[in-house]
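J.: Heads up: the protein sequence lines correspond to chains A and B, in order.
Residue 81 in the working numbering sits at position 81 of the first sequence, with consecutive numbering throughout.
Residue 222 in the working numbering sits at position 222 of the second sequence, with consecutive numbering throughout.
Hints may contain errors.
A pair holds if it fits inside one copy or across any two, identical chains being indistinguishable in the list.
The calculated lysine-lysine pairs, modelled on DSBU-like cross-linking and capped at a C-alpha distance of 30 Å, are [said to hold, decoys possible]:
| hint | residue 1 | residue 2 |
| --- | --- | --- |
| 1 | K156 | K2 |
| 2 | K62 | K156 |
| 3 | K156 | K3 |
| 4 | K188 | K156 |
Hints are computed from structural coordinates only; laboratory data are not their basis.
Number of protein chains: 2
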Amino acid sequence: MKKGLIVSCQAEEGSPFNSPQFIAAFAKAAELGGAVGVRVRDPENVRAVADVTDLPIIGLTKGLFDSGGVLVTPTIDDVLRLVDSGADIIAFDATIRRRPGGMSGLEFLRAVRAAIHSPVLADISNVHEGLAAAEEGADFIATTLSGYVEAPVRSKYEPDFSLIKEIASRTKTPVIAEGRIWSPEQAKTAVDCGAFAVCIGSAITRPVDIVRRFVDSLSDLEQTAEI
Amino acid sequence: MKKGLIVSCQAEEGSPFNSPQFIAAFAKAAELGGAVGVRVRDPENVRAVADVTDLPIIGLTKGLFDSGGVLVTPTIDDVLRLVDSGADIIAFDATIRRRPGGMSGLEFLRAVRAAIHSPVLADISNVHEGLAAAEEGADFIATTLSGYVEAPVRSKYEPDFSLIKEIASRTKTPVIAEGRIWSPEQAKTAVDCGAFAVCIGSAITRPVDIVRRFVDSLSDLEQTAEI
Chain A
1 MKKGLIVSCQ
11 AEEGSPFNSP
21 QFIAAFAKAA
31 ELGGAVGVRV
41 RDPENVRAVA
51 DVTDLPIIGL
61 TKGLFDSGGV
71 LVTPTIDDVL
81 RLVDSGADII
91 AFDATIRRRP
101 GGMSGLEFLR
111 AVRAAIHSPV
121 LADISNVHEG
131 LAAAEEGADF
141 IATTLSGYVE
151 APVRSKYEPD
161 FSLIKEIASR
171 TKTPVIAEGR
181 IWSPEQAKTA
191 VDCGAFAVCI
201 GSAITRPVDI
211 VRRFVDSLSD
221 LEQTAEI
Chain B
1 MKKGLIVSCQ
11 AEEGSPFNSP
21 QFIAAFAKAA
31 ELGGAVGVRV
41 RDPENVRAVA
51 DVTDLPIIGL
61 TKGLFDSGGV
71 LVTPTIDDVL
81 RLVDSGADII
91 AFDATIRRRP
101 GGMSGLEFLR
111 AVRAAIHSPV
121 LADISNVHEG
131 LAAAEEGADF
141 IATTLSGYVE
151 APVRSKYEPD
161 FSLIKEIASR
171 TKTPVIAEGR
181 IWSPEQAKTA
191 VDCGAFAVCI
201 GSAITRPVDI
211 VRRFVDSLSD
221 LEQTAEI
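Only chain A is shown next, with the shape it has when bound in the complex (with noise of 0.2 Å):
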């Protein structure tokens, strides 16, 4: 997977792609189009992905902190499923904030060690919480919730850098750039930053996002952060 591209096929809700035919169709097109592994929400998706591709599949459920915020993989019910619709690799949440329930990103890194033997993503918002997971022997760490947890980010389409190339000089564990990469230049960048890999969603596989960000940059509309 070194210097490869990664695929997020996800699809928002009320997508006219928000369904496992269509996140299948995305990731074989990653597949055709040589990336080396896909990013895939829900037991569902998993499933129809692994059906029409070997690529390596980081599998994810979504839930919600009690703050609100999006909370990636809340249960380690969640994981034993993804694992079992053929999830290969599984993203979690590692940020300092505490689940429902309480227990913290490490806390729970440690219970999906003890339930399942597969690789485990996790996925950030700053340098802290980078070091702590790889130390706590998390096998990929995510730029992903960077922008997303504390300080809103400046523009939608600008990646955080920094922080990539802050980690990755910092932990020996392969970094993941991801978040906010639009463009090819952008994702040269991330590698060149350190990062192991790089994983785009909305670029690819986000058509309303894209035509989006085509037709505000006719209509001279400000192009700001939104979370």
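Chain A is already provided as a structure; the job is to place chain B on it using the hints.
T.: Only chain B this time, still in chain A's reference frame:
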């Protein structure tokens, strides 16, 4: 449609998205994202798209010149079937190449005028063809075929801005910038060059091509022209 985005919703042969259901989903995504029109190939896809959106549909079919080059909307029968399926505007090849049977693009335009009352869009490859089509009364001129007829393109990711600019400055017929537009900045530049609207296909509706572009950039592969 002024300064608007038109989304070309077409899938290549063998693509996981090559079915009316998927084409319609892309058209719906175009609408949800704020596009002002769609460009759709083949009556069955036009019909599926017309079922899900009220956006104006530019319809076309594809055939081949005797030389093997792609011919946009070969016959008057195609035109009639497109209109019958719900196409609002008909696109056709208006290059200087002779069609099978010997008709020129402009002769075909006259035949289309005699057959239907819908607006027509002339796909051209150079200034001469664009001005000739405008003079002949085409309702729209699109730069779709620049780089695919004679002079090979330098990069498959670089629009022909000079063609857009020159045609737009020499005719009042609306010019639609189409061909190799991949970034919002390029779309904006096309409008600054005088384009009435911008039509984008691959960068939005061809996930395999989008993935490949990212993969190539990560692999340091040279991004050369591919016609």
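J.: Are the hints correct? Go through all of them and say.
T.: Evaluation of the provided hints:
1. K156 - K2: both (26 Å within a copy, 26 Å between copies)
2. K62 - K156: Answer is within: at 21 Å inside a copy they meet the 30 Å cutoff, but 38 Å across does not.
3. K156 - K3: both (23 Å within a copy, 23 Å between copies)
4. K188 - K156: Cα proximity of K188 and K156: in one copy and across copies (18 Å, 19 Å).
Taken one by one, the earlier hints all hold for this structure without exception.
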